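Residue numbers (our numbering), protein chains in the order written: chain S, 1 to 348; chain R, 1 to 348; chain X, 1 to 348; chain P, 1 to 348.
Simulated from the structure, these hints should not be mistaken for lab results.
Heads up, some of the hints might be wrong.
To be verified - Calculated lysine-lysine pairs in the PhoX-like style (CA-CA distance at most 25 Å, straight line):
{"no.": "1", "chain 1": "S", "residue 1": "169", "chain 2": "X", "residue 2": "312"}
{"no.": "2", "chain 1": "S", "residue 1": "77", "chain 2": "P", "residue 2": "169"}
{"no.": "3", "chain 1": "R", "residue 1": "71", "chain 2": "X", "residue 2": "169"}
{"no.": "4", "chain 1": "S", "residue 1": "212", "chain 2": "X", "residue 2": "78"}
{"no.": "5", "chain 1": "R", "residue 1": "71", "chain 2": "X", "residue 2": "315"}
{"no.": "6", "chain 1": "P", "residue 1": "77", "chain 2": "R", "residue 2": "212"}
{"no.": "7", "chain 1": "R", "residue 1": "169", "chain 2": "P", "residue 2": "77"}
{"no.": "8", "chain 1": "S", "residue 1": "71", "chain 2": "P", "residue 2": "169"}
{"no.": "9", "chain 1": "S", "residue 1": "71", "chain 2": "P", "residue 2": "315"}
{"no.": "10", "chain 1": "P", "residue 1": "21", "chain 2": "R", "residue 2": "169"}
{"no.": "11", "chain 1": "X", "residue 1": "312", "chain 2": "R", "residue 2": "77"}
{"no.": "12", "chain 1": "S", "residue 1": "312", "chain 2": "X", "residue 2": "169"}
{"no.": "13", "chain 1": "R", "residue 1": "21", "chain 2": "X", "residue 2": "71"}
{"no.": "14", "chain 1": "P", "residue 1": "169", "chain 2": "R", "residue 2": "169"}
{"no.": "15", "chain 1": "S", "residue 1": "169", "chain 2": "X", "residue 2": "78"}
{"no.": "16", "chain 1": "R", "residue 1": "312", "chain 2": "P", "residue 2": "21"}
{"no.": "17", "chain 1": "S", "residue 1": "71", "chain 2": "P", "residue 2": "312"}
{"no.": "18", "chain 1": "X", "residue 1": "312", "chain 2": "R", "residue 2": "71"}
The structure presented is a predicted model; accordingly, all values stated were derived computationally and were not measured.
Number of protein chains: 4
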Amino acid sequence: MKALVYHGPGRKSWETVPDPKIVDGTDAIVRIDTTTICGTDLHILHGDVATVDAGRIIGHEGVGTVVAVGKGVTNFKKGDRVIISCITKCGTCAFCQAGFPDHCQSNDAGIGWLLGHRIDGTLAELVRIPHADFSLHHVPENVTDEQAVFLSDSLPTGYEVGVLAGAVKPGDVVAVVGTGAVGLASIMTTSLYGASRIIGIDTNAFRLRKAKEFGATDTVVAGEGAREKVLALTDGLGADVAIEAVGYPETLQTAISLVRPRGHVANIGVHGVPVEFPMEALWIQNLTITMGLVDATSTGTLLKMVASGRIKSEKMGTHTFKLKEIDKAWDVFANAAKEKALKVVLKA
Amino acid sequence: MKALVYHGPGRKSWETVPDPKIVDGTDAIVRIDTTTICGTDLHILHGDVATVDAGRIIGHEGVGTVVAVGKGVTNFKKGDRVIISCITKCGTCAFCQAGFPDHCQSNDAGIGWLLGHRIDGTLAELVRIPHADFSLHHVPENVTDEQAVFLSDSLPTGYEVGVLAGAVKPGDVVAVVGTGAVGLASIMTTSLYGASRIIGIDTNAFRLRKAKEFGATDTVVAGEGAREKVLALTDGLGADVAIEAVGYPETLQTAISLVRPRGHVANIGVHGVPVEFPMEALWIQNLTITMGLVDATSTGTLLKMVASGRIKSEKMGTHTFKLKEIDKAWDVFANAAKEKALKVVLKA
Amino acid sequence: MKALVYHGPGRKSWETVPDPKIVDGTDAIVRIDTTTICGTDLHILHGDVATVDAGRIIGHEGVGTVVAVGKGVTNFKKGDRVIISCITKCGTCAFCQAGFPDHCQSNDAGIGWLLGHRIDGTLAELVRIPHADFSLHHVPENVTDEQAVFLSDSLPTGYEVGVLAGAVKPGDVVAVVGTGAVGLASIMTTSLYGASRIIGIDTNAFRLRKAKEFGATDTVVAGEGAREKVLALTDGLGADVAIEAVGYPETLQTAISLVRPRGHVANIGVHGVPVEFPMEALWIQNLTITMGLVDATSTGTLLKMVASGRIKSEKMGTHTFKLKEIDKAWDVFANAAKEKALKVVLKA
Amino acid sequence: MKALVYHGPGRKSWETVPDPKIVDGTDAIVRIDTTTICGTDLHILHGDVATVDAGRIIGHEGVGTVVAVGKGVTNFKKGDRVIISCITKCGTCAFCQAGFPDHCQSNDAGIGWLLGHRIDGTLAELVRIPHADFSLHHVPENVTDEQAVFLSDSLPTGYEVGVLAGAVKPGDVVAVVGTGAVGLASIMTTSLYGASRIIGIDTNAFRLRKAKEFGATDTVVAGEGAREKVLALTDGLGADVAIEAVGYPETLQTAISLVRPRGHVANIGVHGVPVEFPMEALWIQNLTITMGLVDATSTGTLLKMVASGRIKSEKMGTHTFKLKEIDKAWDVFANAAKEKALKVVLKA
């Protein structure tokens, strides 16, 4: 088969590799029908993710068709159309049984993100999915691939690590710092679950325009004076919840500066360096600050909302390519702001 | 009457001042029967709390007897024996109605801690309590002053900002960094509410011994190797909850280092400088970090537990003095480690 | 002033009565600008509510303008435009402080519903509101009277006693038994807060049509075969939540029959007789069954949603009258099904 | 091997039957070291449980040693000492993944209670455990069989269906109607998790005495005047939570009558007939009523508490027998009140 192989920092190629095979009885082999590239894949190519070895097929999102299952798989069979979760859930360890497969303890790394990281991933024609019973989802007939593919990772991340971790309540004012794909996923799901006001904050005009399309009630250009503008959109005390969807010290500090006493700050961004927290001012503010990897345990819930037409997940995909055009798709996604791209859709 | 007046950094005196009077219809005047000194009072004397003006009577804890009430007070009358909450709750602002009087918006500072801070406090023979209906608690007959006085602030702080904010669940392993009075208040209330293992961490041998008396199942001497010892007391992944009860960058960083993925860190300590968070490692750990001032809304619950004998709050008081001996009591409390003191009890 | 006075079963009159006056310092006098009639008012006229004395001005919903306040009122002043809560909240008793003013203990009845019940109500030109600081809400400029009037009781009841008590979660299937005004209030708020499917069940075609307009995704005619139809709209196991908004044994038993194992049944209906529960079948089903009077503590949250345009509360009002035409309005509302009426709006 | 076989109503025998064998790859075979009889087993023998076929080996509690595992079992191996959960959890169906194995959908009955019900059970020398990874628990070395055996069903039932479903909060007054083995399990776990007052209610003096030993602060003899006595132990309004642990209409009605407005009623009892609820009085009381089968998902938490010495589960066992003396043990347990028995312990 063909797959996108990472060959060390800055080097990738769409090349012929051996087909994956069933290894454990709980495996499934899935033929990729539709997939997409994640910001994390860009980081891998930059060499920022030390735990990805050269030779690894990358990618951790996708919709496909089951072509084979091991003897221990009970929920899926050949021919089933499935969403592949970005998190591989063993289902039996203590973290998985507690509902936290992001820290699945069945592997040495103690992490649920294996696809395109510790094992071969989804930017390929075929992929092996361990623990298939827990790591795949059936796709209802009325849900298209272009809707379903964003339920592997993008929407669950914005929803779980942003909206749920941020404990958004009906009536809340929510500020989202960074309105790229993940920030927009938070906006889309926040707007649906009862926020009264959603404020998108970014430096990029295209992204701010998209924020409005995804459900933001207001947008603010990031930078000088942004905090005052956000506070003016509240009762003067700040937002109930701020969601950080970038991953820099300044953006996290901005998010912290936007919330009121008793506020929540939900960090989604992947950080590369330490961040200084102004604890001399914060200790008395009764803030709750959260951070984390997605569990993707909300995929089922989000799928119901997509199926009933209440979430328009297809809006995440702005550009479509053939899977074999992946280099071209990569370039578009790597220059998302300039290309006015959110997520690229790759079709087999 | 006599009261302890702050006259600027390093200067205090027990002196004669005018008696307080009813100012608003919702006020009560309380005669102090039993009071105590808080670590925050030491900070005030050091000049660390800029919002305390010279001339202020300090103190925010106490048990006393109502001597007068304004016309708008309905829950209390002359002669009632009461606990004075360290938080003055207006009851009607949005924060108070939502259950968060720590950020009461009825005053310019937007803060519920007024006594001995913005208005005269409880280290005095008499004190004026605004919003008495919301800021006093009736004391059941079978609860002594020596038990009740620690429900003004100490126990609620350890319980609310430590145990409740840390979301301690039955079966949890809880690590408490700093086993002074507030850390011990967390240990006492954590042990009662279902933790399976409570680990006290401190540098001071007296405090570690007290930790065991207050319910810690294990103690660890802070410093080199402490993290490894704590992890060895868990399944190797760390504690479910770490409570910080000191207020330095290192102690907060220690607390953060002790929790497992999905863990909670509850900061109680008052910080004076920024703290660097290792977000490059934490972002993926799904931590929840909280911090804050006490609401003292748990006083009623804790009072029921004290009344039924299930919390032995009197263990917090190690030394007893006459109120007029306050200078002597102050010296003991200011040298708590050396004096083997937790809290001092001052009796009228 | 003029007011609607109840003179015993079957007897009411719009007549001249003395103006209300400030009695306690925490009172306000409000001039009614817009009001409405509740199903409970119909019950009162039928003589079903024994605790309403002859001579009582009835009504407990309304929007108006403050014309006078007592000295103890701090949140409101003359000229303020306000929503009158159907629940009079003293704010200081244990139930009120815990957020449950429906069982306010400041009166002998231990109940928060006083207006038009134990004291004179809102179907009048003027009304006295005790505990005004806790029982009124400011109306934002961009919210009309026709939107605001349904936040006194109707919307909070459908939302609190239906949606919140029923613990509706994102993705849930919710069945609403009875799609009159209160059932529709549940549908309107359920559809907003993440339900994936909302099934309205009623015998009346007009009401079922309205159910769709208010956000139901499906409707089922009550009676023979209805249960099977509802189950067919789920995975065969039943709804996650059933909301009962009628008040008869059969409708509550229907609601119970519609939920899956682990389901929730939220009873809103006012019952007049005991109801037999099939506990021999239910004990193993892990159901949660709730019931209750509204607290109206959600009015602030709902008001934010109305102000931001996310809840169209004005859809509840189908007919508008002058306040002095109240007898005509009453007749329309008392024959709601025939008149194709939901709620009537009465304007001063 | 030898096992206790049910041969239809009133007929059981301890007889020789074939040894169980691995059927599915996810099975384990466990040699029973310690087991016990459940009240449900008595019901089965009476013929009350129509879904138990003649020829069935009964029993669903036990501690034992793994003697064989299928190829798909990863958490357990030969020689492991284990607690057998009364609930067989497939782990992969939607209910199991949501944490509700009591309604596991992997079998036709849609129920997680299979052992000694739909498949052969634990009153035997050997037992086959399907889905072993999800249905067994490792026993720590410092926990004895006599402590562990009550974590199969008794303690989890009292805790989950009573304490957790009843939402007991710190400071609550909890009334437990029926202080047999399951009611005592609720008392034991309620007293640990922060209740301020626990009132045991029963007709039997031995059981009431045991209630005090298990942590009740007060006991009341059931019958005439009991309600008044319970209310007098509260502020006059009733208990926060009432737990029903019997299963008759009168006992459930009693439990309902004991709670205050906003109270919780948690039904644990197995009911055989419908129960009339006084909805004409209850609708306004804002009660929450729950009922259900145990999930046994709390076994891990309770095991930590037993291991740390905070729950003394061994107090449940009042009589010990050899497994082969099961007929004698049965007679004692079937006459528990007369024999002053709670649970019988059967040792291999």
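Enumerated hints in conflict with the structure, sorted upward: 2, 3, 4, 5, 6, 7, 8, 9, 10, 11, 15, 16, 17 and 18
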